[in-house]
Each structure stands twice: as structure tokens, then as C-alpha cells.
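Each of the two chains sits in its own frame; use the hints to bring them together as a complex.
Listed in order, the protein sequences are those of chains A and B.
Numbering (the working numbering) for the first sequence: 1 to 269.
Numbering (the working numbering) for the second sequence: 270 to 542.
Hints may be right or wrong, so weigh each one.
[Claimed, not checked] To list a few chain A residues with every Cβ distance to chain B over 12 Å, as calculated:
#1 G98
#2 I112
#3 Q139
#4 P167
#5 E191
#6 E222
#7 T236
#8 G238
#9 E239
[As the list claims (entries may be wrong)] Simulated restraints, written as ranges between beta carbons of each label pair:
#10 A/P218 - B/R357: 29 to 35 Å
#11 B/A433 - A/P151: 32 to 38 Å
#12 B/A433 - A/N87: 37 to 43 Å
#13 B/A323 - A/P167: 56 to 62 Å
Hints are computed from structural coordinates only; laboratory data are not their basis.
Heads up, the beta-carbon is just placed ideally off N, CA and C, and yes, glycines get one too.
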Amino acid sequence: MYGSAKPSSLGNLGSLGGTASPGRMAGRRAIVTGGASGIGLATAQRLRAEGAGVVAIDRSPAEPSLDAGEPITNVRADVTSPAEVANAVGEAAQLLGGAADVLVNAAGIYQIRPLLELSPDDWDQTMAVNLRGPFLTGQLFASILIERGQPGSIVNVGSTAALIADPAEPAAHYNASKAGVLSLTRQMAVEWASHGIRVNAVCPGVIDTPMLRLMDDPAAGEAYLETGVPLRRLGTPGEVAATIVFLASQDASYLTGTAIVVDGGTTAI
Amino acid sequence: MSGGLRGVAPPGQHRVVVTGAARGLGEAVAARLAADGASVALIDLSPDVTATAARIAAGSAEGSESGRVMGIVADVADEQACEAAIARAADALGGIDALVNNAGIGGPSTHVIKTSFADFWRVLQVNLGSAFLGSRAAARIMIGQGAGGAIVNLGSIFGQQGVAGGAGYCASKGAITLLTHTLALELAPHGIRVNTIAPGNMATEMHWEELRFRAAASGTTFDEQVSLIADGVPLGRHGTGADIAGAVTWLLSPDSAYVTGQTIGVNGGVWLS
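Okay, chain B solo, but in the shape it has when bound (with noise of 0.2 Å):
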């Protein structure tokens, strides 16, 4: 791994917190934000979380320009213990200069008529609750240091696109988009960026847990479930945790300066076919 900022800034610089970085897509923007000298703080409901960070940080060891990573335990969809978390990751790291709210579940696949109002609202309360707990709490630490930042949501192709037996999940993920539109309008006099990175099929355990899930109930095998996915998207494969962390760490840096409010997709080109 290259540190991108040899010459650049000293190694720590940008103070990032990751959501649900204890494994897939959150562990591998963490991994690519530590790779490029950030300091980062992980924070999961899982344990995981620490011993993701120790692997982190034991990986980015390996270059003299690693700033500090650590792992934090903690339910970002509860108000007291997500407050909490983000302000433990800004004591620890000295403040906080970006933010990815990467915190989702996937919920029930099952259609509206089956489905339990908690089901339901559980969904909408972890994917679009904990990014504006998230926001909330890290706009105001940034709007405090007055020194700007970044904030990025994950978003989903299914905040774009309905999926049947995704109404929790798609209605969260659209939200998602108007929460962003809504965070850069009242962020930009504080210099503060927010954008959406709507991620398409991805090769994580989520997704994988959903093709299982396909495969029972149609009576075909994961296998099969996978290439008619991949088989649909232009690229002609799943994305992977780099190909979002490259558009994250984009995002992120003084690269895309003049970009706030997008929702910018990640998904080989799969909504134009």
C-alpha cells in the first residue's frame, strides 16, 4: 500500500469515522482511508470492530505514515449510544474532519402484505436513523472546529429502484438521497460536503445472505443466483469493498471540493440496462 499523502500532509491529518465498518464495504473504506494515511475510528455493533481495526492498523503499520486507528463498539441507530461513539472518535483522534455512514441492515425479504410494521421500521431506523444521528453529531463537531469537512452516506441502486420484497430497504436507501440533498443546503456555509455513493450489487455477506435467501425460495443454487446477477450488470461482475472505497476516498479529499448534494452510483452500470 502507498500512502497518498507522502509530501502532502503529515500522516493523521484527516480524522475520519467509519459506521459499520466492522467487516464488508465499512471495513474496506476504513482499510483504504488508513492505507492513505488517515486516522480512523471504526465503529460497529459487533465486537468484530477491534479486532477489524487491530488488522487494520496492523496493515498500515507497514508504512511510516499511518495515522491511528481504532474501534469503537456501539449502536449508531440509538440516539444516547451513537452521540456517544462519535464523541469518543473525536477525543481519541483530536476532532473529526469526515464521516462515512455506512451503517445498514438489510431487513426481511419479504413483500409489504407479510411483512411487520417493527420489521419494517427497524429497517428505516439503523439505515437512514443512524445517518442522521451520524451527521447530526459530526456537523456539529466539524461546524465547532470551523475548519469544513465531509460527510458521505451509503446509499444503495435500491434507493433509485424498487425491489419487490425490499420496501423497507429501498424506501430507507431513497431517503437516504434527500437526507444528503437536504445536509449539503444546510451544511455548505460551513464548508461541509455531503454526498450519497449508491453502491450496486456488492460482493458482501449482505448481499450474499439475500442470494441464499433467492436461491431457497426458487429452488436454485447460490451459484446460479450469482451469475444471473453479475450476468446483468454491464461490467459483468459484483462490485467489491475497493471499487467503493476508491469512490469514497474520492469524495472525501479536496478532489471533489466543488461536489456536494450527488448521489453518485457505484454499480458497473447496471441501472441502464
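In isolation and in its complexed conformation, chain A is listed as follows (with noise of 0.2 Å):
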């Protein structure tokens, strides 16, 4: 019973994100969306160390790798475009031998704008990027195990912006896309229970980013800190990234349609 389930490494209490359990994703087969920096980059990384095939889709160009490995190999595409979706998948399938299992949707956009600023343009885009990007890429995949009845897991990015508004960093077009991310997260969940397919969403609070903003005044980042998030630290990618892992392993076996927090204890406050 218990020796099903490949266990991570309980690793050293010192080091953050943990160490990479060699063998747990043996076998699978992962796409990652916005998998050339940030979040989406420690992802594929991470899934690769732990014996993954892994795919990178962005509309940007592969980052180096931050582990001194090779670069994670990538697909150009916009996920809010059906048919390169839909040519990228393919040609994952192609690169991975055979269909993903895994799906780990962070492409993302991330633009500070107040209401009284923010257009219609501003709202379509960041929509489109982070809401039908999951939903494009959720349906291809999801149909394409269902057809072949093979189990699966989705791991969508949500945001802790979904769940609490930020006066500092006025965004409602993206707090309201992670919102709906992780409402899409639930839905999926259920639908596609029967199938195998576990559908689960992780929530970053502040994370060592390109994308984030936070810390562009270093003095009010640092004061933030101090006050707004309990461990008093930002969050690293690799950090994310061991959560998204563990969502999509079989260490995660009974969790679906759950959205885990990595705040730092932020929304706890």
C-alpha cells in the first residue's frame, strides 16, 4: 500500500523548494505553457529532474536553463490561438513520443492598471492570455486522453490575486482572470473525474519574478515583506514549481479541483 506511491525527498529543513526526487515523474509525458521563464521555466525544470519528458509552449523564445542543464526544448505558439494550440500540441506529442499526461498551464500576463485606466483592449488581452489559454489548451489535452482513455493531470497557475484585492498594484483584468482560472480549475475537476484526469491550481503570493512588480521600489518591497507576508520573504520559482510537482504526481492521488495557496502565510493574515 504504501510503496505505490514514489516518495519525494523530505530533503534538508534548510534549502528551499526542496530536492528533486529522482524517478517520481518517470514515464510521464509533460507539456508546460510559458515554460521559457519564471514559474513555467522551474516547473519544467523541475519536472525534467524528476525523470519527465517535458515541452515547453511560449510565444517567446527558451530562457537558459537555471539548472546548468540543457534548455528546456520549446514550442512557439499563443495560447490564445486554437490552431497554434492545437499545432503545438502536436508537435509536443511528437517531441515526447507520445501523448502528454501531464499538462501545466503558466503562461501568464501581469499588467498594473487602474480601473479608471484599463481598457477594453487591456481587459480582451490579459483574458485571453491567462483564461481562454487555459481553457484552449485544458480541451486539447484533456480530449485527447479521453479518447484514449488514459489517465492525466492539469496543473493551472492561479494567483493569490484571485482571492484578495490589492489597492497597491490595481489590476482587476488580472485578478479577475486568476479568479476564473481557478473557477475553470473546479469545473474541470469534476467533469473529467471520471476520466482519471485530476485538475488542481496553485495560488503564488509574491515570487522572485521577471513578472513581479513588487519589488521595483525596493524600500516599499522590503517593508511589504516585513508586514504583509509572515515567513518575510519573497518566494522563489523553484519553490512553485515543487508544488506544481507534487499536484501532479501521484503524491497528490485524492486532490482535485483544489487550488494550494504558496504565500508565505500571506492570506492567513
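Structural data, given as C-alpha cells:
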């Protein structure tokens, strides 16, 4: 009973984001959208370190690996385009030697804009990348697995912005898009559970990625970390990646429709 | 079983206490942690915990990297007994890095108007009181060690939604969520993370007892009650100890180093439908 799950490493308490458990994802084939940078790149690397085959789908070229390994294989595509998504998922299957059974929707954009200055185009673009994208990739991914009768796992990247409002960084369109991601996650979970497809989300808080704006003003950023984050530091992309890979793995075998908050305790305040 | 600590940390580096570990979810969690190379102290009111610990120790001794596994008989809902048991675990393991507050009882399945105050209060004392006492004792030790740590409290889907006949149980498990929040805030400066795992309908003796009760009360069979529950779970089955152990192991590992104050449902999606 206990031997069925490949144990994750308990690692050292002092290391952040843990240590890859070699083999936990062996034999799995993963697609990571937005896998060229930030949380997506860290997730692609963690999946690879645990034995999965990985293809990133990103509209930008892959950035150099953070882990000194080979660059993650990247298929260029815009996740808002059904045709480009279909082509990219097909190309990924060829590169992976079979249909993917792990999908991580990490592609996303973030723009600070007060509501009174928010244009319809701003709104539409953010919704397209952050919400339409996971819908398109998730629908195609699941349809292929269901047709083949294979189980799989989807992890969508939400945000603590889906849960709380923030007067300091006004981004109603982003917040709403991420709240939509959580709703999409729950509905995917119930519609596809009987096919053995688990669907979960992570909600990162302030994570040290290129998308982070908090530290643009270092003094204000540090002040926020002291008062707004119980663990008093930024999270790392590796810590979010570790949570995503946990959710994709057999260690999370009975989790579906959940959203795990990775925020250093911010939303517990 | 493969030891997840190979090449990462020496055997026994993680010293974990699991309460309510003689059987069920607690036993599964302890077994998984031992298989991953942790030293584990199992605490339970039942003297069976000694045999459970011996069984786990024998199982993980097959690998060369197992830590120490020991059983302690104690009532963790009693202040003195809980303090003494945690202290004994710390002495034997050389410290405590993590605590899993799993001890709990279901209590009577009766509506409030037919429930004695003593029965109601007993459920809170065991389910909530033991989590308070265990966390307090272990946190004091962890703070003294100065190396951080992790606490996982076992809540329940019935701490997130009510169920007729479950006043004491639901109240105790709902309170676990806010005890976790509070502990997370108080202990964050010490690098100690505190989270709740909220299982759904689990294939445990405690749940089977409840279903036998419902079957008798409704004139149906036990099997019908099991199917009734499983059919309402999107993933179509009851959860297992291994399901919970996977989530607990993750919450005790550095993989969740930025996760604190959270309640994580391990319920097969049941709350969604």
C-alpha cells in the first residue's frame, strides 16, 4: 500500500523548494505553457529532474536553463490561438514520443492598471492569455487523453490575486482572470474526474520572477515583506514548481479541484 | 519502498511525531515517513501502537537508510500526558523537526437535541485539545532547537461543511483550520510552518463505523452506504492512508517551504459537487 507511491524527498529543512525526487515523474510526458521563463521554466526543470519528458510551449524563445542543464525544448505558440495550440500540442506529442499526460498552464501576463484607466483591449488581452489559454490547452489535452482512455493531471497557475484585492497594485483584469482560472479548475475537475484526470491549481503570492513588480521600489518592497508576509521573504520559482510537481504526481492522488496557496502565509493574516 | 533521502540527508535527519498512529491514517502517515527515511515516534492511546511501530520498523529496515521508529502509549488530549509523551519522543529521537496532529475521534452521530454536553465536549477535547497541546509542546522544542520545523494538523471536509449529527466533530475540525492559521502566524518568525490537511471520506475504521451506524439507522446495507458515498466523490472512491501520507509528506518537506497557514483538501473533489 505504502510502496505504491514514489516517495518525495524530505530533503533538508534548510533548502528552499526541496530536492527533486529522481524517478517520481518517470515515464510521464509533460507540457508546460509559459515554460520559457519564471515559474513555468522552474516547473519544466523540476519535472525533468524528476524523470518526466518535458516540452515548453511559449511565445518567446526558451531562456537558458537555471539548473545548468540543457535548455528546455520549446515550441513557439500563442496560447490564445486555437490553431497554434493544436499545432504545438501535436508537435509536443511527437517530441515526447506520445501524448502528454501532464499539463501545466503557467503562461500568463500581468499588467498594473487602475480600473479608471483600464481599456477594453487591456481587459481582453489579459483574459485571453490568462483564462482563454488554459481553457484551450486544457480542453485539447483532456480530449486526447479521454479518447485514449488514459489518466492524466492538469495544474493551472492561479494567484493570490484571485483571492484578495490589492490597492497598491491595481490590476482588476489580472485578478479576475486568475479567479476565473480557479473556477475553470474546479469545473474541469468535476467534468473529467471520471476519466482519471485530476485538475488542481496553485496560487502563488509574491514570487521572485521577472513578472514580479513588488520589488521595483526596493524599500517599499522590503517593508511589505516585513508586514505582509509572515515568512518575511519572497517565494522562489522553485518553491512554486515543487508544489506544481507534487500536484501532478501520485503523491497528490486524491486531490482534485483544489487550489494550493504558496504565499508564505500572506492570505492567512 | 524507496528511500527518498538517498544522497540528500542522512537517515533520521527528520524527526517526526505522529499522534493517533496506532491505526488508520496516522499509521499510514508514519509508515510513509519511515519509508522516506525519517525517524518517527508514534503516539496513541491504544497499546497497539507499540506493535504498529514495530511492524513499521521491520518494514523500513529492509532499506539501509531507515531512521528510528518507536511507539509511545499516551492520551494526547490530557495535558500532562501529552507534554510527557512529546518530551519523551524528543529525548528518544534527539529532537523534533515535525509534528502531525492526527489523533481524533468521531464522537456520537446524534443530533444536538439528543447529545449530552459531555459527549459534545469530549470530541472537542480530543480533536482540538490534542492539536493545541501537541503543537504547543512541539513548538516550544522546535523554537529551542532554532532550526525551524513543520506542523500538520488533520482537519476534515466536515470542518469545511456541516453534517447533521456531527456537531462536535464539525466544530472541532472547523476550529482546527483557525488554530492552524493562528499558529502559522505566531510561529512563522521561528521558521515553523503550520498547515491543515482536510481529508474527505476515507477508507478508515472510523468512517466504516459511521457507515455501519447509518446503515442500521436507515435499514440499508453497509455496502450500499459505501457506494452511496463513493458515487458522490468525483474521483469515484474513498481516500486511502497513502493518499493522505503523500500530502502530509509534501507538507513536511522543503518542497512546501513557502506554504503556511493553509488548509488543503484531500477529498477526491467531493466538496465541489
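How the hints compare with the structure:
no., hint, result
1, G98, "holds (24 Å)"
2, I112, "holds (23 Å)"
3, Q139, "holds (18 Å)"
4, P167, "holds (22 Å)"
5, E191, "violated (9 Å)"
6, E222, "holds (16 Å)"
7, T236, "violated (7 Å)"
8, G238, "violated (9 Å)"
9, E239, "violated (4 Å)"
10, A/P218 - B/R357: 29 to 35 Å, "violated (48 Å)"
11, B/A433 - A/P151: 32 to 38 Å, "holds (35 Å)"
12, B/A433 - A/N87: 37 to 43 Å, "violated (53 Å)"
13, B/A323 - A/P167: 56 to 62 Å, "holds (58 Å)"
Hint compliance for this structure: hints 5, 7, 8, 9, 10 and 12 are not met, and every other hint is.
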